[in-house]
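*Asks:* What follows is each chain in one-letter form.
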Amino acid sequence: AQSVTQLDSQVPVFEEAPVELRCNYSSSVSVYLFWYVQYPNQGLQLLLKYLSGSTLVKGINGFEAEFNKSQTSFHLRKPSVHISDTAEYFCAVTPRGTQGGSEKLVFGKGTKLTVNP
Amino acid sequence: NAGVTQTPKFRVLKTGQSMTLLCAQDMNHEYMYWYRQDPGMGLRLIHYSVGEGTTAKGEVPDGYNVSRLKKQNFLLGLESAAPSQTSVYFCASSYTGMGPETQYFGPGTRLLVL
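Protein chains in written order, with our numbering: chain A, 135 to 251; chain B, 168 to 281.
With the rest of the complex left out, here is chain B (with noise of 0.2 Å):
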């Protein structure tokens, strides 16, 4: 049982190039999230996701797209990255959607835009 699983760990990009980053969990879990953690500003939701098929925008979305194909798995796209989107991303996951439900969180994925 993995968990959450975030590909890559790490990646460098250059202002304008695209990338998209890849969560997977093992947990069968019906809610996705992808988070970014920057200095001092703990962490923001970008997306989520409810179940296979939808999508949902939360804190900070722009710059950002999204898709959730399969249930076990949650894509982040950056279409033309900016410095602003360096950050550690972290994506989540949880049973369902209550508010007392635990979230599980992937190992982060840091990302620098020169």
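So here's chain A without its partners, still in its complex pose (with noise of 0.2 Å):
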């Protein structure tokens, strides 16, 4: 079974600084690895996803994400944060291959990030 781990519940940051959101988990099999994003009020939408190749992953609205196999990591990075980011982040997974399919898909318990003028 996969789990993931958000390290921090609430990251508050100011307007045009630097973030960092933090996701683990733990696998007994290569995985795939998503960023959702939930604005106020609204459902989930996409932010990234890491399937194979460079384990740097760009995603929307100037986010990029990391894979580190070694360390069993995927944090989420923006370089300069907007208002408009206030938003709360999912970190999920899903197992690869014949153990995989889109219905494991395993959440984080999400990541509320404030950014204050």
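Hints in this document: simulated from the structure, not taken from any laboratory.
Fair warning: there could be bad hints in the mix.
Claimed, not checked - DSS-like mimics (lysine-lysine), calculated; alpha carbons at most 25 Å apart, straight line: (1) B:K176 x A:K243; (2) A:K238 x B:K181; (3) A:K246 x A:K183; (4) B:K237 x A:K238; (5) B:K224 x B:K238; (6) A:K238 x A:K183; (7) B:K238 x A:K238; (8) A:K203 x A:K243; (9) B:K237 x B:K176; (10) B:K176 x B:K224; (11) B:K224 x A:K243; (12) A:K246 x B:K176; (13) A:K203 x A:K192; (14) A:K246 x A:K192; (15) B:K237 x B:K224; (16) A:K192 x A:K243; (17) A:K183 x A:K203; (18) B:K238 x B:K176.
What the hints assert, rightly or not - Residues on chain A that point at chain B, a partial pick, calculated with CB under 10 Å: (19) Q140; (20) F148; (21) L178; (22) L180; (23) G235; (24) G244.
All C-beta atoms in this analysis are idealised placements derived from N, C-alpha and C, irrespective of residue type, glycine included.
Starting from two chains that each stand alone, build the complex the way the hints lay out.
*Replies:* Now the structure itself:
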């Protein structure tokens, strides 16, 4: 089974500051990795995902994440945040190969990012 | 193209009452999912469907039933609501059930059971 740990439940930052949201996962098999974002009173939408290849993945709205297999991490970063980035961010994993499937997507508990002026 | 829509947006029930949540998608997706979101818990899968006429249990199926009579619709039913079912319910869909597939979420239904 897979599990996801988002190390910070809340992250407050000032506008234009850099931010890193941390995600660690546990799995006995290889996984696909995702970051989803939930803006206030909305559903989740995909920010980015790591499938294979380069360990640095670029997503929408200037976000990027780096897959580190040895540390089983997939941290999300943005060099300069805006007020509009205020949202809850969810890291998620699903196993690769025959053991995988979209119904096996496991979410972390979420990190609330608050960007202050 | 509306994507994934959910009806109703908000509902208050009394313990023991029943209700049905409706999810509709216009993207011709095969797979559909129902999740519940509770504070500090992330999202947990209730039931899912791999195609019209098929349903399967997820992580937390107890107290819920589902049906997928049409490809574009996925219904979630609560036969006898309990306060523990107070939550925000999200429907999602994906084109296939492959692992890398992106899931597309609806705006959610807030349910309060008194």
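*Asks:* A separate judgement is required for each hint: does it hold in the structure or not?
*Replies:* Comparing the hints with the structure gives:
A C-alpha spacing of about 23 Å is found between B:K176 and A:K243, which places the hinted pair at or below 25 Å, so the restraint holds. Note on A:K238 and B:K181: the hinted pairing is violated, with a Cα-Cα distance of about 32 Å set against a maximum of 25 Å. For the hint linking A:K246 to A:K183, the alpha-carbon distance of about 19 Å falls within 25 Å, and the restraint holds. For a cut-off of 25 Å, the pair hint linking B:K237 to A:K238 stands: about 23 Å separates their Cα positions.
With a C-alpha separation of about 18 Å, the suggested pair B:K224 and B:K238 falls inside the 25 Å cut-off, and the hint holds. For a cut-off of 25 Å, the pair hint linking A:K238 to A:K183 stands: about 15 Å separates their Cα positions. As the CA atoms of B:K238 and A:K238 are separated by approximately 21 Å, the hinted pair is consistent with the 25 Å bound. A threshold of 25 Å between alpha carbons decides the hint, and for A:K203 with A:K243 the separation of about 21 Å falls inside it, so the pair holds.
Taken as a hint, the B:K237 and B:K176 pair is honoured in the structure, with Cα atoms around 21 Å apart against an allowance of 25 Å. Among the hinted pairs, B:K176 with B:K224 is consistent with the structure: their alpha-carbon atoms are about 24 Å apart, no more than 25 Å. Pair hint B:K224 plus A:K243 holds up; C-alpha atoms about 21 Å apart against a cutoff of 25 Å. For the hint pairing A:K246 with B:K176, the CA-to-CA distance comes to about 22 Å; that is within 25 Å, so the pair holds.
Taking the CA atoms of A:K203 and A:K192, the gap is about 17 Å. The hint holds against a cut of 25 Å. Our distance criterion of 25 Å between C-alpha atoms is met by A:K246 and A:K192, whose separation comes to about 20 Å. Pair hint B:K237 plus B:K224 holds up; C-alpha atoms about 18 Å apart against a cutoff of 25 Å. Restraint check for A:K192 and A:K243: the C-alpha separation of about 22 Å stays at or below 25 Å, so the hint holds.
Straight-line distance between C-alpha atoms of A:K183 and A:K203 comes to about 15 Å, which keeps the hinted pair within the 25 Å bound. Restraint check for B:K238 and B:K176: satisfied, since their Cα atoms lie roughly 22 Å apart, inside the 25 Å limit. With a cut of 10 Å, the hint placing A:Q140 at the interface with chain B holds, because the nearest CB-to-CB distance is about 8 Å. The beta carbon of A:F148 comes no nearer than 25 Å to any beta carbon in chain B, farther than 10 Å, and the hint placing it at the interface is violated.
With a least beta-carbon distance of about 4 Å to chain B, the hint placing A:L178 at the interface is held under the 10 Å criterion. Annotation: interface hint on A:L180 holds; nearest CB of chain B at approximately 5 Å, less than 10 Å. Residue-level restraint check for A:G235 holds (minimum Cβ-Cβ distance to chain B is 5 Å; threshold 10 Å). Annotation: interface hint on A:G244 holds; nearest CB of chain B at approximately 6 Å, less than 10 Å.
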